[in-house]
Each structure stands twice: as structure tokens, then as C-alpha cells.
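K.L.:
Here is what each chain is made of, one letter per residue.
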Amino acid sequence: MDFTHTEDRRMLSDMLQRFFREDYDIETRNAAAYAAPFHHPEKWAKLAELGILGALVGEDVGGFGGDGFDILTVFEEIGRGLCPEPMLGTLMAMKVLESLGATEQLEALIGGEKKAALALFEVDGFSGLEDIQAQATQTADGWTLSGRKSIVYGGASADVLLVAARHSGGVGLFVTTQAERTSYAMIDGGGAAEIMLDNTAATCLTEDAAQTIENALDWGRLALCAEAVGAMDWLHATTVDYLKQRVQFGRPIATFQALQHRVVDLGIEIEQARSITILAASKMGTDEQVKTIAMAKNLIGRAGTLVAEECIQMHGGIGMTWEYAASHYAKRLVMIDHQLGDKDDHLHRMMELDAAV
Amino acid sequence: MDLNFTPAEEAFRGEVKAFLKDELPIEISEKVRLGIELEKADMERWHALLNQRGWLAVTWPAEYGGPGWNAVQRDIFDEEGALANAPRIVPFGVNMLGPVIIKFGSDAQKADILPKILDGTHWWCQGYSEPGAGSDLASLKTKAERDGDHFVINGQKTWTTLGQHADKIFCLVRTSTEGKPQEGISFILVDIDTPGIEMRPIRLIEGGYEVNEVFFSDVRVPAENLVGEENKGWTIAKYLLTHERTGIAGVGASTNALGQLKDLVKKVSRRGKPLAKDPLFMAKLAEVEIDLEAMRVTNARVLADADSGAAGSMESSMLKIKGTVIRQRLNALFKSAVGPAATPFPAEALVGNLAAAPEETAMAAADYFNNRKLSIFGGSNEIQRNIIAKQLFA
Chain V
70 MDFTHTEDRR MLSDMLQRFF REDYDIETRN AAAYAAPFHH PEKWAKLAEL GILGALVGED
130 VGGFGGDGFD ILTVFEEIGR GLCPEPMLGT LMAMKVLESL GATEQLEALI GGEKKAALAL
190 FEVDGFSGLE DIQAQATQTA DGWTLSGRKS IVYGGASADV LLVAARHSGG VGLFVTTQAE
250 RTSYAMIDGG GAAEIMLDNT AATCLTEDAA QTIENALDWG RLALCAEAVG AMDWLHATTV
310 DYLKQRVQFG RPIATFQALQ HRVVDLGIEI EQARSITILA ASKMGTDEQV KTIAMAKNLI
370 GRAGTLVAEE CIQMHGGIGM TWEYAASHYA KRLVMIDHQL GDKDDHLHRM MELDAAV
Chain A
352 MDLNFTPAEE AFRGEVKAFL KDELPIEISE KVRLGIELEK ADMERWHALL NQRGWLAVTW
412 PAEYGGPGWN AVQRDIFDEE GALANAPRIV PFGVNMLGPV IIKFGSDAQK ADILPKILDG
472 THWWCQGYSE PGAGSDLASL KTKAERDGDH FVINGQKTWT TLGQHADKIF CLVRTSTEGK
532 PQEGISFILV DIDTPGIEMR PIRLIEGGYE VNEVFFSDVR VPAENLVGEE NKGWTIAKYL
592 LTHERTGIAG VGASTNALGQ LKDLVKKVSR RGKPLAKDPL FMAKLAEVEI DLEAMRVTNA
652 RVLADADSGA AGSMESSMLK IKGTVIRQRL NALFKSAVGP AATPFPAEAL VGNLAAAPEE
712 TAMAAADYFN NRKLSIFGGS NEIQRNIIAK QLFA
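Heads up: the protein sequence lines correspond to chains V and A, in order.
Here the first sequence is numbered in this note's numbering, starting from 70 and rising by one per residue.
Here the second sequence is numbered in this note's numbering, starting from 352 and rising by one per residue.
Keep in mind the hints are simulated off the structure, nothing from the lab.
Possibly wrong hints are sitting among the right ones.
Stated by the list, open to error - Looking from chain V toward chain A, a few residues come up when the C-beta cut is under 7 Å (computed):
1) Q329
2) E340
3) Q341
4) S344
5) L348
6) M364
7) L422
Ideal Cβ positions, reconstructed from N, Cα and C, are used throughout, including at glycine.
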């Protein structure tokens, strides 16, 4: 057993930490995160330049990473830096293209010239491919798409949309650059979009997308877990510092055991969250991927919400303010549990897998 | 990053499994599986079998008779033992006094005491806690006063586990009241049959008998029974508390308990259906399974650090808290799984299947109650939080 990252991944992680520290402070972040295009185009270009986007996919499709521990490394820093860039949507779109061997389309994404998003969810919710209602129709001139895609992460700024739609033979994935969209900020920053499809012209990536989509979702979930670990580390350390500095009743509130024990319990949950995320990263591409991801996303959902709520509480009023960075980390942690299945959804998945054995 | 065991470690695991399969007596492992109290002879027999193989004192250096294992090997050994329903090694001589003697004992003490721990000549028990000194151990009052070449001990110890079987007891005693409380404590070895010692059983919540109180009145102990220097006993106590404790997370025991629970939910019914079909119950089971899986990796991370010398008391405190709580949740689920069939008192002799529930559930409630101790002993979980907080807020 060896729990140390390779030299390359340590460098990747150091580089990202430096980037967020020096180039992307919280004021810059908040200004970008809540106003169209809901991210910072120059910072995106810098991330591409640093090779962060290339680290998301494997060498055979022109990247230089792409395995579980690469995603873990990148997204832990995305979380620690509270990055509002459309990394999640991009990752899932890139993982779709990677599994289809679409090297050509990936090139512009890796270079940062174009951004892509994966349009899956619909207004009636999304708990599985069976909920997909958007229609794909084959005509003499090619495919057209109709329907509405909802809460497309990164959809606000994406140049290319990968749309999941139903056709006579199942669910396929289609590429369009022409869809009408309404973009908006998310409560924890960053952008999403509603995509309106009305006989919109598209090209077909694959007519049988079920496996590809499930797999891309699992990669997205792994990324969210790693992001949460990074954000929890930051929030926990910030809370410890705050308790040492804040004086009430004539002494630092860090001396109160009622608070100490709560901080310790959060630390233990964060280590557990880190452990299950490492495990999930190690199981990507194996038979245990689905179950381990379900376990990780459930535990992360529980731990992230707990850390967020407790850290706000222990900060007192200051933790409630927009001005103070910790409030934004707490928001992100709570909302991660709302993305790609929450703790209950993943507990259900886990139970179904247990029952099937 | 590599979460796999090396081929050498896997081969070692195979060796441990084979040993357990060949040597662990079925009548002992059945008692462990069913939660029946072991007799002294059972524990002595298991110790002897382990000692014969050289696997009893797993934390001792090879020169004193240890197997020379690293932390990962010790963990594999603990885990496989738990999965095979092997009894836990009685720790007082092997895992507590042994390392103390090796670190602080005189040559004469090493030569005399260590072999007799290994071969089972002497059964040791522990005299640390007192009625007024639990978590605040340094406030202990049991007094040892010098009288020529003897110490005379007066006072009371309590929570002495399996003292009813013991020949000897190692004690923390007060030899000075000067300075800080920690500075007047000594570590001393006492024969149980010395005049003036009385051992009385304490019956525990579930009805079992595993702990005792020990009374000392004018007990005369030769001065050479002191371990280390007079008034330096606290150093020894601290060494024991922070001495790397393998298996503190109890991953093997909890994995075994989870396996039993998963079998049980298929055998028992609730509202006309197997409990395995009850989403409320199964959600709780799945959640604890996830926490255990995470702890397995946390434990492995600490082991990897331990072998590179980086693990500290903060990590073992975390594992103690998380491990005990997971085990207690599993005990609670196991008890809940049989509903009303958990209610009969198992009494001294296990009659078994009174309520037509599976035989392995006869002790379900008793085990649940008994294992409330896990978060209290060995430094309560609150004390563990204090230990972590001290480092975090330093």
C-alpha cells in the first residue's frame, strides 16, 4: 500500500494551489461567479495553459492523465480554491468524448479554445436514463432534437452541447452548437443553463449512449467528491484558525471544550471522506466502480453538509456574511449534495447493489 | 497511490488464514461467534497455540520472542483473527506489560517476566483506574510507602479486567505527593496472593463478570518490583497509552459483525417479509457499511504512515473514536434485527433458541449492552477528542 501521489501529481496540485492563491482570490472569484458568463474567461484560458484540462483525459485521446487519481488531484484543488469555472460540465463532456474515442473534438477542449457541457437532466428530474424525454429524430438532412434540458452545468458558457435524447432505438448522444438557451448563476456560484430544443439540428455521437452516460456521471461524481474534500479541508482549517483568534469571555473560544469536540468530530468525518474518495478513485474502470462511487457520494453528502452547517454555526454571525469567504465554501459543500444524486439517491443505489448480491 | 497489498503481504495473509484454519479450535471459535463468555482455559489454550507458532507477542522485537512483523502484518493478523472468530489476545501481559518491561525494565526483570508472559506461567492484570481516578488518572491515590527494602501499598483499584484469573497485577501507585500529581506516580508489580489483597467481582450491565475491584491493605511488595525509576511511572503510563496500538479501529471485528448482520437480515422477517426487504432497516445497514469501508481505508492510511514512522496519537485517537462507534452501531442493528426475540435474558448458561430466533442472536442484546464499554475504556472517546484537540489547537 502506498498513499502518496506521484511526483507529477504533486506538481499538478502545487501548481493549482499557487494559481488560486495568486491569480484567483475570493473577490475575483465572487465577481466572476455570479455575473454572465458566470466564470472568468481569462482564468479558463490559464487553466488550459497550465494543462489542467489535458489532465482530465488519457494520452490515447491527446490528454496526459485521465485516471481516477488525476481527477482526484485536480478536483481537490478546484474545491480548495472554490473555483467557479465550468469544470464539472467540461469533465463529463470530455469523459463522454474520451470513451467514444473522439480525439478530434477533444483537441479544442483540451486547448481551452472551446468549452463543452453535457445536457442530461430535464424538468421532471433525473434519476436515470429512463427519465429522458427529449426526442431525437432522424430526417433526410440529419438529426434534429426537440425538448428541454434543464440545469445543464457549464451550459451557460459551453460552445458545444452534448445532448442526451431518446430515439426509436433507445437513448443517444447528439452534438449541437445551435440550441437556444437561458443562462443563470447557481446559488453557490458558477453557471448553468436551460436548453430549448425545437427541431434543432444536431449530429449523432452515438445512438447507444447508456453506458457512456452512466460512466461520465460516475466521473462527475468522483470529481464532486474530491472537490468536497478540498473544500472541507479549507473550511475546517479556517474554522480552527478563527476559533483561536476569536475572543469572548476574555479568552479565545478555541479553549471551550464544547467547540473543540465538534471541530474534532468534523476532522474525523473529513478523513473518512478523504478515504472513501481515494477508494472510489482507485476503483474507476473496475467492476466495483458503481458501488464505490455510490458509497463515496453518500458519505460526501453527509460529511459535506455537516461540515458546512457546523462551521457556519461555530463562526457565529460572521459565517453568515457574503463578505466572508467561509460562507461561500459552506454553500458549495451543501450544494454538492444536490448534484448528480444526493446522499439518499446514492444510499438507494448502494442498497440495490447490496440486494442484488 | 496503490491501495493493494503487496504479493508478499497477500502471501502472509494466506499463511495466517492457513494457521487459523488448522490450529484455531472449533469449540473456541464457536463460542466467540455466538458471543459466549470464554473460560480461562480457552484463553490459555489459544495463547499457547499462538506462542507455539511464535505469533503471540506480535509487538515485541524479535530478540524477545516477537515475530518481527511490521504494522501492516500485525493488522492483517488482527483482521484475519477477527474474521475467523479467534479470541482477542488477552492484552495485559502480552501487549501492555511486555512492551513496558522491554522499554523500562531491568535486565533481571526482562529475563524473569517476559518468558513467563509468553509461556502462560503468569496471567497479568492491570491496576490503573480507581474509584476517584478514571479519565483523570493522574489524580490516583493508592499509596506505596517505602519501608526498608519494601513498599507498603494501601488503596483501591477498579475496572480490573479478568483479574479473577490473574496471578499478578501491575499498578500505578502514588509514591510522592510533592509537585504535580504526575510527578509522584510509580509503576510497580505485585503478586495477587500477597497478604492484604482482596479482589471482588463487579457485575456488568448485561449480567456478565469480566471486571473487578481490588483492595490493598498494608500489602508489602519488594522494592525491586518497581519498574523504571521511582516517581517516573507516569512516563510509563503515557508510553503505554501512545504506544502504537494495532487493531484499535477494530476493522476485522466490525467486518465480521457486518457479515453476520447481512446473513441475519435474510433469516428474520418483519411484517411478513425478510428484513432484507425493509428499506428503513437496510438504509441504516448500508450507511454503516459505507462508514466501515471508509474506515478500512483510513486505517490503511494510518498503517502506511506507521511503517514510515509518521503516525501519531492523533491518528490512533481518530480510529478509536470512529471504530468504536461503528462497532456499537452494528451491535445496535444486530439487536434491532430480531425485535422482541432480543429480550430474553441469556443467563449464565446459554440455553439457546428460546424465542425461535437464530442461535447467533441469543447474545444480541447482551453484546450491545456490553459493548457500550468500547467508547468508555482505553481513554474514553471524549478523552480521545481532547487529545486531538490539544494538537489541533496547539
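K.L.:
Determine for every hint whether it applies to the structure shown.
P.N.:
So, going through the hints one by one against the coordinates:
Because the smallest distance between the Cβ of Q329 of chain V and any Cβ of chain A comes to about 4 Å, under 7 Å, the interface hint for this residue holds. For E340 of chain V, the suggested interface contact is upheld, since its CB lies about 5 Å from the closest CB of chain A, less than 7 Å. Using the Cβ-Cβ criterion of 7 Å, the hint placing Q341 of chain V at the interface with chain A is satisfied: the shortest such distance is roughly 4 Å. Interface hint at S344 of chain V: satisfied, since its Cβ lies 4 Å from the closest Cβ of chain A, which is below the 7 Å cut-off.
Annotation: interface hint on L348 of chain V holds; nearest CB of chain A at approximately 5 Å, less than 7 Å. Interface restraint check for M364 of chain V: the shortest CB-CB distance to chain A comes to about 4 Å, inside 7 Å, so the restraint holds. For L422 of chain V, the interface hint is violated, since its Cβ never comes within 7 Å of a Cβ in chain A; the closest pair sits about 9 Å apart.
Checked against the numbered hints above, the structure violates only hint 7.
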